[in-house]
Amino acid sequence: MENIYFDNASTSFPKAPGVGEEMADFISHRGFNINRGNYGGAYDVAGRVLETREKLARFFGCVNSENVIFTQNVTYALNQILKGVLKEGDHVITSNLEHNAVMRPLKQLEENGISHTIAGNVEELERTIKENTRMIVMTHASNVSGEILPIEEVGKICKERGILFTVDAAQSAGTLPIDMQAMCIDYLAFTGHKGLLGPQGIGGFLLSEKGRESIWPLIAGGTGSKSDSYAMPETLPDGLESGTLNLPGIIGLSVALDYLEKEGMEELHRKKMELTKYFLEKLGEIPEVRIIGSKDIKKRVSVVSVQMKNMDEAEASFCLETEGGVMTRVGLHCAPLAHKTLDTFPEGTIRFSFGNFNTIEEINRCIEIIYNLTK
Amino acid sequence: MKEIWHYILFPNHENGMRLYKELGAIGIKTTIAPTPRSLSKCCGISLLIKKEDIEAIQKCIQEHSIEILEFAEVEKDINPNRDRYC
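Residue numbers (our numbering), protein chains in the order written: chain A, 1 to 375; chain C, 1 to 86.
Just chain C, with the same shape it has in the complex (with noise of 0.2 Å):
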């Protein structure tokens, strides 16, 4: 069975940055990572996340009015064909 791995995007940094330390603040942690190219063409950057955080942090989304572009998931394997030049 593929792992998936579960993604939040955004529109900018800044954004990231934020959830990033407001989540932190209530003791979910997550990771900052590169967006993968397949989610997205833009380079920013987005959080690793546990599914089973989804729902608090939804919550902690709208307390803090922080603008993501939408949560994602990747099975994680290699694919040949992907986007890989843009």
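Only chain A is shown next, with the shape it has when bound in the complex (with noise of 0.2 Å):
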């Protein structure tokens, strides 16, 4: 029996073709250190940064390659972002069905005198502006629901209010459409190794000219440039980019991003909606299963919660794995306050997640055994 891989919204797997012999090429012939190292083979590593970073900055509609940072992550660039810009007496706004990647830095940031309000829809933020308010910080599509929220709405807001806005990309990016410019986004926060077929360990976040402004470098230390100072470079990347980058996962995101380009979002985003409103269809067909969420293909991404009206869901996502090989993932998800939003709190739900790579022969096995277990 083969598995079937439904945790995509964890982490794509698999990855683009080509990301890990790339990677593996990298690291066993010509895996030198970029911004430190004198010598051809650095430097040839660094144009491929470049070009990374230029592949970046024209997906994501951001100004220049420039306000391109890497992290390792899309946790480490929301903790930057939000704990880099934000100060005492600052107000935030954020939406109900935040990850915890925004909601802790936000708790920890109320010792620092930084409020937060939460909001359930735009008219609600909107009322919610006050005079100190800062930023509004959200996230693009719901990684427990799947809920594509208004960015496009919320930005032009915060453009009219001269609020900076932080978009949380980790379930959207090489998913959804993103223009940094005509979103009005001042930060997008993004991970390499989901959406966008890369591997683990690589993220970043990309910065409007305001949003440059108003940025202070969480971590210190060198950065190959204007060594001679002990203060941090105002330039960037290297500003906000401490340290020595995940070349290999740069790399690999770069042979990813182009597997993107040449097969088209656009077409690997409707394969993977064709197989979520097939799911969504038959799941419609079993009582026992309370799907989580809107059923309406276009408000969501390939992400979908499910409860088990008479059996826990750890112990159905147990026999989905045991009996068909399905792979998934339940529980709270790291988003307790989505999950209280949706009202799958404190159980939590089961959640398949689909990537262009699945098929609707492993949807018919995994809804056969979701079937069997009502019975």
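No lab work stands behind these hints: they were computed from the structure.
On a predicted model such as this, the values are computed, not experimentally measured, just so you know.
Note that beta-carbon positions come from the ideal geometry of N, C-alpha and C, so glycine has one too.
Incorrect hints may have been included.
[To be verified] Covered by chain C, per the in silico footprint, the following chain A stretches (three or more residues, Cβ under 8 Å):
| id | stretch |
| --- | --- |
| 1 | 40–48 |
| 2 | 218–228 |
[Unchecked claim] Each computed EDC-like pair below joins lysine to aspartate or glutamate, with the alpha-carbon atoms no more than 16 Å apart:
| id | chain 1 | residue 1 | chain 2 | residue 2 |
| --- | --- | --- | --- | --- |
| 3 | A | Lys375 | A | Glu315 |
| 4 | A | Lys298 | A | Glu266 |
| 5 | C | Lys21 | A | Glu274 |
| 6 | A | Lys87 | A | Glu111 |
| 7 | C | Lys41 | A | Asp228 |
| 8 | A | Lys309 | A | Glu274 |
| 9 | A | Lys375 | A | Asp312 |
| 10 | A | Lys282 | A | Glu261 |
| 11 | A | Lys299 | A | Glu274 |
| 12 | C | Lys21 | A | Asp44 |
| 13 | C | Lys21 | A | Glu51 |
| 14 | A | Lys83 | A | Glu266 |
Dock chain one against chain two, each of which comes alone in its own frame, and use the hints as you go.
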């Protein structure tokens, strides 16, 4: 029996073709360090890193490649943004579907005199804006229900009101079109290992020119620039990238971005949504299963959470793997706020998340197991 | 007569790599090199360029909004009094 991987919201698998091979080749044959080594091989690697920044800037509609900052993941990026921008007395607004990558830093920041309000919709968000509201931070797509949030609309509000706008694109980068300039996004946090189909351990954020002016580096250290000074350089990306970068990760992400460009992100997304639509239809025929969130395919990404009416979700998840090799994620998905909003707290849900390498046959096998579990 | 080498210095590697790439695209060959210690205490890279290309390079810098520190030149000889420990 072959396993079925339905946990692409945790990390996409398999990765884009060629990612692993290119990373292995880099480590084995040319794993030099950039911004340090003064020789041709290191400059070649620096060129690849620059190309990757340029690809990301184009991909996300960022003003230039200097404003593309690499971190190890989206959580680190969000921490850098929130803790590097917000100051005592600032107020932040967030959505009610946030991941702990946003909620935990905001909770920590309460101790520094930074308050936050949770808004359930755009109207509530507008009503919640105060004189000291400095930032709105929200996810683009929920990692629990898959719901897509109206970032374009919120971006316009932020621009009109002079508020910084941060978007957590963990579940949307490489899946939904994002144009930072058109959507008025000041900080876009992404990870490379989900929809972008790259390796784990590489992510980052992109800044608008306005966002660039407001941020303070959380981590200080060697950058390979202005090394005669103890002060951090103000130039980017080095000013926000102390220490050696995850170069194998960047090289792998670069290959993944090429794949997305070649295959077409929209086409890959269309395929994932076809699978999601089919899965939702089939699940809808099983009365013992409660689908969480909207069934409207246009309002969600390929993440589906369900509860079983007469069965513990963890037990169901265990049976899915032991009986059919179906890999899922069960529980709270590091998003207690989203689960409270969706009325699935504290028991959580079983989450199925599809990638473009999944098939209808795999969905059918999964549905059959779910059906049998309910009998 | 001493040979003069011409360099462009940058605030960081990013700008150096960007200019190297853009100049390559318009057929101007440059060489990435460690920044001479006599020119800057920064341990970054610089571009070794030909004097006759300076005008075209300046145009390219403006067109692509690339940040540089300065154009600089160095006499290629051995100076025993150089600032060797910075």
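Structure-based check of all given hints:
no.	hint	result
1	40–48	holds (count 4)
2	218–228	holds (count 6)
3	A:Lys375 / A:Glu315	holds, 14 Å
4	A:Lys298 / A:Glu266	holds, 13 Å
5	C:Lys21 / A:Glu274	violated, 41 Å
6	A:Lys87 / A:Glu111	holds, 11 Å
7	C:Lys41 / A:Asp228	holds, 6 Å
8	A:Lys309 / A:Glu274	violated, 26 Å
9	A:Lys375 / A:Asp312	holds, 14 Å
10	A:Lys282 / A:Glu261	violated, 32 Å
11	A:Lys299 / A:Glu274	holds, 14 Å
12	C:Lys21 / A:Asp44	holds, 11 Å
13	C:Lys21 / A:Glu51	holds, 10 Å
14	A:Lys83 / A:Glu266	violated, 34 Å
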